[in-house]
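Novice: Each chain, letter by letter, is given below.
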Amino acid sequence: MEVKILSEKFDIENAHLLEVAKKHGAYSTLDKLFAMEPAAVTEEVKKSGLRGRGGAGFPAGVKWGFLPKDTGKPTYLAVNSDESEPATFKDRYILVRDPHMLLEGIIICCWAIGCNDVYIYIRGEYTTQVKVLQQAIDEAYAAGYLGDKVAGQDFRVDVTVHRGAGAYVCGEETALLESIEGKKGQPRSKPPFPAVEGLYSSPTIINNVQTIASLPFILTNGHEAYTAYGTEKSPGTHLFGISGHVEKPGMYELPLGLPLMEVIDKVAGGVWKGRKLKGVIPGGSSTPVLTVEEAKTVTLDYESMAAHKTMFGSGGIVVLDETVDCVKLVENLINFYHHESCGQCTPCREGLGWMKKITKKLLAGQGTLADVDLLRELCDNIEMKTVCVLSAACTMPVRSYLDKFRHEFEAYAIDNVSADAKLQGN
Amino acid sequence: MAEMVKLFVNGEEVEVESGKNLIDAIGAVGIEIPHLCYHPALGADGNCRMCLVGIEDGRPPVVPACKTPAREGMRVQLDTDNIKKIQRDIMEFELINHPVDCPICDQAGECKLQDYYMAHDLQDSRMRVPQVTKGKKMDFGCGVVHDQERCVVCGRCVRFTRQITKTGELGIINRTDAARVNIFPGRPLNNRYALNIVDLCPVGAMTSRDFRFKQRVWFLKKDKGICHGCARGCNIFIDHNREKYKDDVIYRYRPRLNSLVNGYFMCDEGRLSYKEENENRLTATMIEGKETSFEDGIQRIQQELNQAKKPLMLISPNSTLEQQWAVKRIATLYGARCSGYSEGYVKAGDGDDFLICDDKSANRRGLQLLDIDCERTTLEQALGECDLFISFDNDPFRFGNNEELRNAIAAKRVIAISSHENTMTEISKVALPVASYSEYDGTIVNINNVLQSFTRAVRKNEERIDILEVTRLLGGAVRDNAHAWPGMKTTVEELAEVHPDRIPAEGLQLSVSEESHVSA
Amino acid sequence: MSDRSELIITGKPFAFDAERDAEFERLVKRYPIRESMILPALWLTQEQEGWISAEAMAYIADRIGTYASKVYEAATFYTMFNLEPKGQYHICVCRTLSCWLREKQEIVDYLAKEIGIRPGEISEDGRFSLEEVECLGHCGTAPVVQLNGEFHEEMDVDKMKALLATLK
Numbered sequence: 011m012e013v014k015i016l017s018e019k020f021d022i023e024n025a026h027l028l029e030v031a032k033k034h035g036a037y038s039t040l041d042k043l044f045a046m047e048p049a050a051v052t053e054e055v056k057k058s059g060l061r062g063r064g065g066a067g068f069p070a071g072v073k074w075g076f077l078p079k080d081t082g083k084p085t086y087l088a089v090n091s092d093e094s095e096p097a098t099f100k101d102r103y104i105l106v107r108d109p110h111m112l113l114e115g116i117i118i119c120c121w122a123i124g125c126n127d128v129y130i131y132i133r134g135e136y137t138t139q140v141k142v143l144q145q146a147i148d149e150a151y152a153a154g155y156l157g158d159k160v161a162g163q164d165f166r167v168d169v170t171v172h173r174g175a176g177a178y179v180c181g182e183e184t185a186l187l188e189s190i191e192g193k194k195g196q197p198r199s200k201p202p203f204p205a206v207e208g209l210y211s212s213p214t215i216i217n218n219v220q221t222i223a224s225l226p227f228i229l230t231n232g233h234e235a236y237t238a239y240g241t242e243k244s245p246g247t248h249l250f251g252i253s254g255h256v257e258k259p260g261m262y263e264l265p266l267g268l269p270l271m272e273v274i275d276k277v278a279g280g281v282w283k284g285r286k287l288k289g290v291i292p293g294g295s296s297t298p299v300l301t302v303e304e305a306k307t308v309t310l311d312y313e314s315m316a317a318h319k320t321m322f323g324s325g326g327i328v329v330l331d332e333t334v335d336c337v338k339l340v341e342n343l344i345n346f347y348h349h350e351s352c353g354q355c356t357p358c359r360e361g362l363g364w365m366k367k368i369t370k371k372l373l374a375g376q377g378t379l380a381d382v383d384l385l386r387e388l389c390d391n392i393e394m395k396t397v398c399v400l401s402a403a404c405t406m407p408v409r410s411y412l413d414k415f416r417h418e419f420e421a422y423a424i425d426n427v428s429a430d431a432k433l434q435g436n
Numbered sequence: 002m003a004e005m006v007k008l009f010v011n012g013e014e015v016e017v018e019s020g021k022n023l024i025d026a027i028g029a030v031g032i033e034i035p036h037l038c039y040h041p042a043l044g045a046d047g048n049c050r051m052c053l054v055g056i057e058d059g060r061p062p063v064v065p066a067c068k069t070p071a072r073e074g075m076r077v078q079l080d081t082d083n084i085k086k087i088q089r090d091i092m093e094f095e096l097i098n099h100p101v102d103c104p105i106c107d108q109a110g111e112c113k114l115q116d117y118y119m120a121h122d123l124q125d126s127r128m129r130v131p132q133v134t135k136g137k138k139m140d141f142g143c144g145v146v147h148d149q150e151r152c153v154v155c156g157r158c159v160r161f162t163r164q165i166t167k168t169g170e171l172g173i174i175n176r177t178d179a180a181r182v183n184i185f186p187g188r189p190l191n192n193r194y195a196l197n198i199v200d201l202c203p204v205g206a207m208t209s210r211d212f213r214f215k216q217r218v219w220f221l222k223k224d225k226g227i228c229h230g231c232a233r234g235c236n237i238f239i240d241h242n243r244e245k246y247k248d249d250v251i252y253r254y255r256p257r258l259n260s261l262v263n264g265y266f267m268c269d270e271g272r273l274s275y276k277e278e279n280e281n282r283l284t285a286t287m288i289e290g291k292e293t294s295f296e297d298g299i300q301r302i303q304q305e306l307n308q309a310k311k312p313l314m315l316i317s318p319n320s321t322l323e324q325q326w327a328v329k330r331i332a333t334l335y336g337a338r339c340s341g342y343s344e345g346y347v348k349a350g351d352g353d354d355f356l357i358c359d360d361k362s363a364n365r366r367g368l369q370l371l372d373i374d375c376e377r378t379t380l381e382q383a384l385g386e387c388d389l390f391i392s393f394d395n396d397p398f399r400f401g402n403n404e405e406l407r408n409a410i411a412a413k414r415v416i417a418i419s420s421h422e423n424t425m426t427e428i429s430k431v432a433l434p435v436a437s438y439s440e441y442d443g444t445i446v447n448i449n450n451v452l453q454s455f456t457r458a459v460r461k462n463e464e465r466i467d468i469l470e471v472t473r474l475l476g477g478a479v480r481d482n483a484h485a486w487p488g489m490k491t492t493v494e495e496l497a498e499v500h501p502d503r504i505p506a507e508g509l510q511l512s513v514s515e516e517s518h519v520s521a
Numbered sequence: 003m004s005d006r007s008e009l010i011i012t013g014k015p016f017a018f019d020a021e022r023d024a025e026f027e028r029l030v031k032r033y034p035i036r037e038s039m040i041l042p043a044l045w046l047t048q049e050q051e052g053w054i055s056a057e058a059m060a061y062i063a064d065r066i067g068t069y070a071s072k073v074y075e076a077a078t079f080y081t082m083f084n085l086e087p088k089g090q091y092h093i094c095v096c097r098t099l100s101c102w103l104r105e106k107q108e109i110v111d112y113l114a115k116e117i118g119i120r121p122g123e124i125s126e127d128g129r130f131s132l133e134e135v136e137c138l139g140h141c142g143t144a145p146v147v148q149l150n151g152e153f154h155e156e157m158d159v160d161k162m163k164a165l166l167a168t169l170k
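Protein chains in written order, with our numbering: chain A, 11 to 436; chain B, 2 to 521; chain C, 3 to 170.
In short, the hints are calculated from the structure, not lab data.
If you're wondering where the values come from, they're calculated on a predicted model, not measured in any experiment.
Heads up, the beta-carbon is just placed ideally off N, CA and C, and yes, glycines get one too.
Some hints could be false.
[Unchecked claim] Restraint ranges, calculated between C-beta atoms of paired labels, are given here: (1) Glu332(A) with Lys115(C): 21 to 31 Å; (2) Gln107(C) with Ala238(A): 42 to 52 Å; (3) Glu123(C) with Ala238(A): 51 to 61 Å; (4) Trp219(B) with Glu387(A): 31 to 41 Å; (5) Glu123(C) with Ser19(B): 55 to 65 Å; (6) Pro62(B) with Pro69(A): 17 to 27 Å; (7) Asp58(B) with Val159(C): 53 to 63 Å; (8) Arg28(C) with Thr301(A): 47 to 57 Å; (9) Gln144(A) with Lys161(C): 25 to 35 Å; (10) Lys161(C) with Asp80(A): 52 to 62 Å; (11) Asp102(B) with Glu387(A): 23 to 33 Å; (12) Arg28(C) with Asp80(A): 46 to 56 Å.
With the sequences and hints as input, model every part of the structure.
Specialist: In C-alpha cells, the structure reads:
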C-alpha cells in the first residue's frame, strides 16, 4: 500500500545533505521551471489537484490565484511548519530527511507567484529539526540555489527560518503571520485574506510544508503522474501519521482514498495488544471521532471523511482501543485546547476553561447530568463565534464524544448513579 | 457628504453611510449594536464578539458588525433567535469569571456589562466551578488602578496607549483565560492622557484613584461644559452633586466628544482641574483686610473708580467673550485703560502635538478678537501712569511669581475681582468674589478659532455673580450675555455672522483673519 | 496555562554576548520591520542565559526600539520561553493525546519518584526540572521526552531509567 513520492529519499542515509540529495535528483526540476512561464506553473499545480496539506485541504493552485497583481508591494511566502495539531508529525520527516525537497518546492512556488522573500515558520519545539533545516538552507545558499541568483537565473529567493516558541495557534495562518511580525499569535479577522493583505500588510501565500514539498514531484513528472494516485477529487499521496493504540505506529506515505480499516490493520499492524477497537480519530485531534462502525466504511480522502461528518484534517490518525475512557480523553483534549487558546475572543478564552473545569468536576465524581448537558451546550455556544477555528477544533471533537459515547459521561454523573441505583432498588 | 446606502435592519429600511462599519453606520440612525471592544477612536479589533450580527443570505451568515462595512441592500439581523442567543451566550462567557462586585465597583451605573446583562442576558449564573483569579487594585501609575478580574480583555486600554499616546505602557500578557492587562515591571503608565483609559474601559477594570469610592455615579449630575485648563477648550462633562446639607461639589470631569476640538479625549491635567473649581475659592468680600458684604464691595469699587483719574483694568484670558466685552465697555465708561496682559498663563514648551497647549487660558483668542492689548510693555507703561488697578479675574502670577511686576502692581491701589484666592487678592485693597466658569454661561474661542458656548453647571449654596454682572452693577450697559452680542458683532468682523443662540454643539469654526495669526 | 506575569528582576543589567550580538545584527536584516526580531531576540536570550529576566526583556525592547509591553506580551504568550531558571537537566514529557494514550503517565510518575519533583518543579540541587508539555509532534513514536531540547522517542520507564543513568 505504501508509496514513495514525497518519502522517496526518507530512507536514504544523509539525504538532508545537499551532496547526497543532489545525487538523488534534488533541484533537478529547476531547469524546467525557469523555462516555464510562472502562470504555467500555477496551472500545472491547479491541474494536479494538490490540496493544502495543513488540514484545511484548500486547492493550492487556486490559493495562489488569489494574489492581486501589481500592488507595488512585495509578495511573501510563509511556509507553515508549525505542525502542532496533536497526532500530526509528518512535516517533521520532510524537514529532517529531505529538506532540499522543501527548498526546491519553495523555489518553484516563488517562481510561480513572483515572490522573493520566504519565511519558514517552524514550531519552537522542533529544536533538532531546525538545525538540520538551517544547515540545508546554508548549503543551498552556498551552492547558489538560494540567494540573489537562484541557479544562475536573474531571480532572487531569500529564505529565513522563523522559530515559534510553543503556541499551537500559530499554525493558524494569520496567527503565524502575526508571530513573524513579532506579536502574539492571535489570528486576524478575515477579510482581508492574507493573499491580499498578509505579512507586513502585503500579499502573502501561506502553504504547509508538505504542500510545498509536493511541488518538485508534480513539476518533474507532470500533473498526471500526481493524479494517478488517490481519488478523482482527492488526488495524490499524503504522509499519514498513525499513532495511538496500534502495533506499528508511525508515518506512512499512502495514496488518498484507501479504506481506513485496511490501513490500520495492514499498514499499522492493527490494534495493539490484541485489544478491540473503540474508535478512530481520523485527521488530528480536532476531527470528530469515528465509531467502529463508521471506521469500517470510511476511506482516507476529503470526501468520504466529510460524508462521515468528520474531516481529513492533517491525516493524523489516532487509534483508540477498548480501554479508552472517553471522559478522560475529552479532558486531555480540552486541556490542550484550553492551554492553547490565544485568549483573544471571549467565547474561546472563557469557554474552554469552563468546559475543562466541568469535565474535571465530572471525573472527580462531583458532576451531574445537568453538567453533561451544559458541556454539550457549551460546544454549540462557543463554536463558530470566534475569529479562528481553534475553538471549533476543541468543540467539534468534544461534541462527537458526547454524542457517540454519552453513556460514559453520564456514568460519571452522581445523579445518574443514584437514579440507576433507585431503579434497581425498585 | 458621504455616500449613503439603503440597507435593512430587522427588515426595516434605513439609510446609512456607505462603507462605515455597521456599529457606527447603524448607530447613527439610533439602533445600537452591543459591543465592548470596538471604539470609534481605536478602531475595530473584533475580540469581544458581542457585536455579532446576522446577514441574511450572507457568507458567512454571522459577522462582527465592527468589521463589516455597510453596503447597499444588506439585510442585517439583530433580532433573530440566533443573534439573541449569541448575545446572551457571549454575556454568559464574559460573566463566568467576573467577580460581579457591582456594589463596591465605581463603574456600577455606567457599566456595559450591567447594561448588556439587563438588555441581552438576564439569566441566572450557571457557573458552578471555581473562577479564574487574577490581580486586584493594581497601581498602573498616573492614578489609574486596575482590577484584572473585572476586565473583559477588550484591549481598548492597550490600543489607546499604542495608537493614541504612542507610549505603549500596557499589554495583554499570557493567553487563554490567564490573559490579563498589565504594565511591564518598572514601566508604569507615564503619559499625560492616561486617565482616558478609565473612560475607555467599558467595565470597572480601570478606575481613577482620584474618583474611586467618592460617589455613586447615579447621584452625579452630568452637565456639559468646556475645560478651561488650556486654550484647547476640550469638551467635558462636569459631574457634580450636592449631597444633603452640603454644597454643590464637582467630583470629576470626563471628556465629551467633539470632533472639531478634542475628539474623545482630554488630558489628565485638564481632567483633574475640576479641583480648582472646588478649592481655594475666594468666598468673602474683603476691604482692607476686613470681611464685608458684597454690596459694600461693589460700592467701594464704584467709589474708587469715580475717584481715580487713570484707572487700569486687567482683563482675563479665561473670561468669556461677553465678559471681556463688558469689561472693555465699562473701561470706556470710566475712561480706563484696558490690558489683557497674561503671560503668566503661558507655560512655554509645555504643549504637545495632541491636545495640550502652552497657553493655559481658555479664551485668549477672545482678547485678540476684541482688540484688547496684551503687550507687556503697554501694560508696564499704563501701570506706571495709573492710580487704580482693577483685575477682572486675571492672575498675572498664575504660574510663578514675578517680583518686579508684583511690586509694581502692589504699589498701586489694587482691586481684585476674583474667583480664587491668589496673589492678586493678597495684594488687593478690595477683593470681590465672583463666579468661576462652571458657574456661568458664555462663549469662548479656542486656539484653532473654534467658537464654543457653554452653560452653567454648578449652583453653589452661596451663589456668586459673574464678571459681566459685576460690570453691570458698576454701571455698565451690558445687561447680560445676549446683550453683549450686537456690539461685538458690529465691532468684530469675525463675529459679524455669528448667531450666539445658534452656535452648533461642536462649535463654530471662525474664519481666520490676518490678525488672528498674531500670537499671544 | 498558569499565570506567567511575575517576572524575575535580577537587579543586574543584561546584554547580548558578542556571539548573540552578531547573530542579532545578522537576523535583523532579514526582516522589513524591527519588531519581527522580538521572538528571535527572546530565543537568543534564552540560548545565552537559559531563561529570560525582566532586564533582558527591557534590553530587547530598547534594542529593537519597541515597547517593553510588547516583549512582555510575547514572552508570556509563548510558553517555551522560560521566565525562571530551569534545572541543569530540563525534562519535558509530552502530555497530549497520543503520548497520553501510550502511557506517558508512567514516565511522569517514575520521574516524580526517582527525582522527587512533580511537573513544574525544580529539584533542590538544581540539577533537574520537570515539565509536562503539550504535543511535541512525535506522536508516531509516543511517548516522547525532551531532555534539554533533545528528543527521546518511544520512551518507557526502563528507557527513562537508562537515560537518567547517563546523567549521573
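Novice: All the hints need checking, so say for each whether the structure fits it.
Specialist: Okay, the hints, checked on the actual structure:
1. Taking the beta carbon of each, Glu332(A) and Lys115(C) are about 29 Å apart, inside 21 to 31 Å as hinted.
2. Evaluation of the 42 to 52 Å hint for Gln107(C) and Ala238(A) yields a pass: the beta carbon distance comes to about 45 Å.
3. At about 55 Å, the beta-carbon gap between Glu123(C) and Ala238(A) stays in the expected band of 51 to 61 Å.
4. Checked against the given bound of 31 to 41 Å, the beta carbons of Trp219(B) and Glu387(A), roughly 36 Å apart, stay inside it.
5. Separated by about 60 Å at the C-beta atoms, Glu123(C) and Ser19(B) satisfy the suggested range of 55 to 65 Å.
6. The hinted window of 17 to 27 Å between Pro62(B) and Pro69(A) holds, with their beta carbons roughly 24 Å apart.
7. At about 60 Å, the CB distance of Asp58(B) to Val159(C) agrees with the hint of 53 to 63 Å.
8. The beta-carbon spacing between Arg28(C) and Thr301(A), approximately 54 Å, falls within the hinted interval of 47 to 57 Å.
9. At roughly 29 Å, the beta-carbon separation of Gln144(A) and Lys161(C) lies within the given 25 to 35 Å, and the hint holds.
10. In this structure the hint that Lys161(C) and Asp80(A) lie 52 to 62 Å apart at CB holds, the actual value being about 58 Å.
11. Roughly 27 Å separates the CB atoms of Asp102(B) and Glu387(A), a value that falls within the hinted 23 to 33 Å.
12. Taking the beta carbon of each, Arg28(C) and Asp80(A) are about 33 Å apart, not inside 46 to 56 Å as hinted.
In this structure, the one hint that does not hold is number 12.
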